[in-house]
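Respectively, the protein sequence lines represent chains C and Y.
Quick note on numbering: numbering that gives the first Met the number 0 labels position 263 of the first sequence as 262, and the sequence is numbered without any gaps.
Quick note on numbering: numbering that gives the first Met the number 0 labels position 103 of the second sequence as 102, and the sequence is numbered without any gaps.
No wet-lab data here; the hints were simulated from the structure.
In this text, a Cβ means the ideal position worked out from N, Cα and C, and glycines have one as well.
Treat the hints with caution; some may be incorrect.
[Claimed, not checked] What follows is a set of in silico ranges between Cβ atoms, one per label pair, in the way DEER data are often shown: (1) C/K20 - Y/D144: 53 to 61 Å; (2) Y/G14 - C/K210: 25 to 33 Å; (3) C/K24 - Y/D86: 15 to 23 Å.
[Stated by the list, open to error] From the derived model, a few chain Y residues whose C-beta atoms are all more than 12 Å from chain C: (4) I21; (5) P23; (6) R32; (7) V34; (8) N72; (9) T84; (10) L101; (11) G109; (12) R130; (13) G135.
[Stated by the list, open to error] Per the computed footprint, the stretches of chain Y lying under chain C, defined by three or more beta-carbons under 8 Å from a beta-carbon of chain C, are: (14) 48-62; (15) 90-99.
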Amino acid sequence: MHPFAYVAPKTVEEAVAVLDKHGDKARPLAGGTDLLVQARAGRFNLDAVVDMKSIPELVAIKNDASGLEVGAAVPCYQLYENAKLSAEFPGIMDAASLIGGIQVQSRAGIGGNLCNATPSADSICPIIVHYGTAVIAGPKGRREVASEDFCTGPGRNVMEKGELLVSLKFPKPSATFGAAYERFIPRNEMDIAVAAVAASVELSEDKKTIKKARVALSAVGPTPILAKAAADALVGKSADDEAAISAAGVAAAAAASPISDMRGTVEQRKHLVEVLTKRMVKKAIERARN
Amino acid sequence: MGAPERVHVRTTINGQAQEFLIPPYISLLDTIREVAGLTGTKEGCLDGNCGACTVNVDGRIVDSCLVLGVEVNGKKVTTVEGLATKDGLHPLQQAFLEEAALQCGICTPGFLVAAKGLLDNEPHPSEGRIRHWLAGNLCRCTGYDKIVKAVQKAAAASK
Ligand SMILES: Cc1cc2nc3c(=O)[nH]c(=O)nc-3n(C[C@H](O)[C@H](O)[C@H](O)COP(=O)(O)OP(=O)(O)OC[C@H]3O[C@@H](n4cnc5c(N)ncnc54)[C@H](O)[C@@H]3O)c2cc1C
Ligand code: FES
Ligand code: FES
């Protein structure tokens, strides 16, 4: 790897100062499962990597009545091995338990996954359908960005010079909330999504009607896509309305803007989005009812 | 910028306290092989896909090619050399031999350390669980069945 210094700041402010000083020549290190692969491939010319894991706030998980806050450097296993979190945030857990294999999950987190901003990243759409917010710190202080607005292009995000992701915040889901995420891959494990869909619903108290919904699409556009029309097809409808769920699938496929590449064609990806949307909406409803 | 200064790292490898002065940009894999001289841990892909470099850090298995050496400061590392004791091979190693779970052997240290990481916490996993747990380890020779059988055998041998 190109020689770089290793800095392990103890506070967000210190980390921001180092990142601001070095600009493009320094990068945050969370689990390193993207960063170190990219550094080895010569993607950057780094003077320093800045380890986020030495900052207590970045490795903390806080889950209380107001909601969940996950530090940006918390590894996946700490999420899915937590039974309470798994029950409350099923969409996030679906993603955390399928990023890489066990070795990768010991290190990789949803914060690094979001920052890396790959269109196929597995946790971003689940974060979006769980109404996640990115807490960003920088030289001018802190700001919050809705997760659906965070990615700006393949590998690009809203963060500016000197900024870092502190945490992801999620509102506490109601008792009638459910979410699910699934990707299509040709293998059983360790692969990159050809297309993937996350969906969430909040049902009425009697669990018969869909009050709120979100559908987000992965690997079918330059950024994850929040398919508003798909959610609109569901809201106000009965949770058993097959026609509404089918309409959501069609609307999601229309919102997808995939490319053809070695993993799949435009037609295949649109078809996958339609099928997966129907499945994920049904799974989210089923989870909301249990 | 000139060459970054070497960093002082104190760690425990296979139960022994170790201190190194290493460049901050070298991987844990290189630290273990080139600096500590423990060459049991293998290099395969260098990008996290093959698992040949698997080691255990504070109870979790990781790909040592995707960890910096400096990151294990203050932590406990176990490599394949840490499996056998004076009394003999670890039950997993014994089972791998008996079940012929290796051919060229390049993947074997990674599989052993990964499988130990599973059995340490779940002594009697199902076949499905074993296959899922080992999905981050690739083997070009055996076709996996013998590896899975060896892990099952080692699990069955433990109480
Ligand atoms: C074998 C293998 C399999 C994989 N499988 C999958 C998969 O199935 N699905 C998937 O989506 N991904 C997969 N990945 C990619 C990767 O593991 C994930 O994207 C992971 O979530 C990245 O998290 P990390 O903590 O390792 O991030 P890092 O590698 O530490 O960081 C990722 C990027 O974000 C930046 N960054 C990190 N933390 C911050 C911060 N706090 N503030 C600002 N910027 C920050 C880094 O500088 C870097 O550019 C795989 C990778 C490997 C090696
Ligand atoms: S060499 Fe580390 S995973 Fe292949
Ligand atoms: S025995 Fe040759 S790669 Fe597994």
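Query - Structure versus earlier hints, numbers of those that do not hold, lowest first - result: When the structure is compared with the hints, numbers 2, 3, 4, 5, 8, 11, 12, 13 and 15 turn out to be violated.
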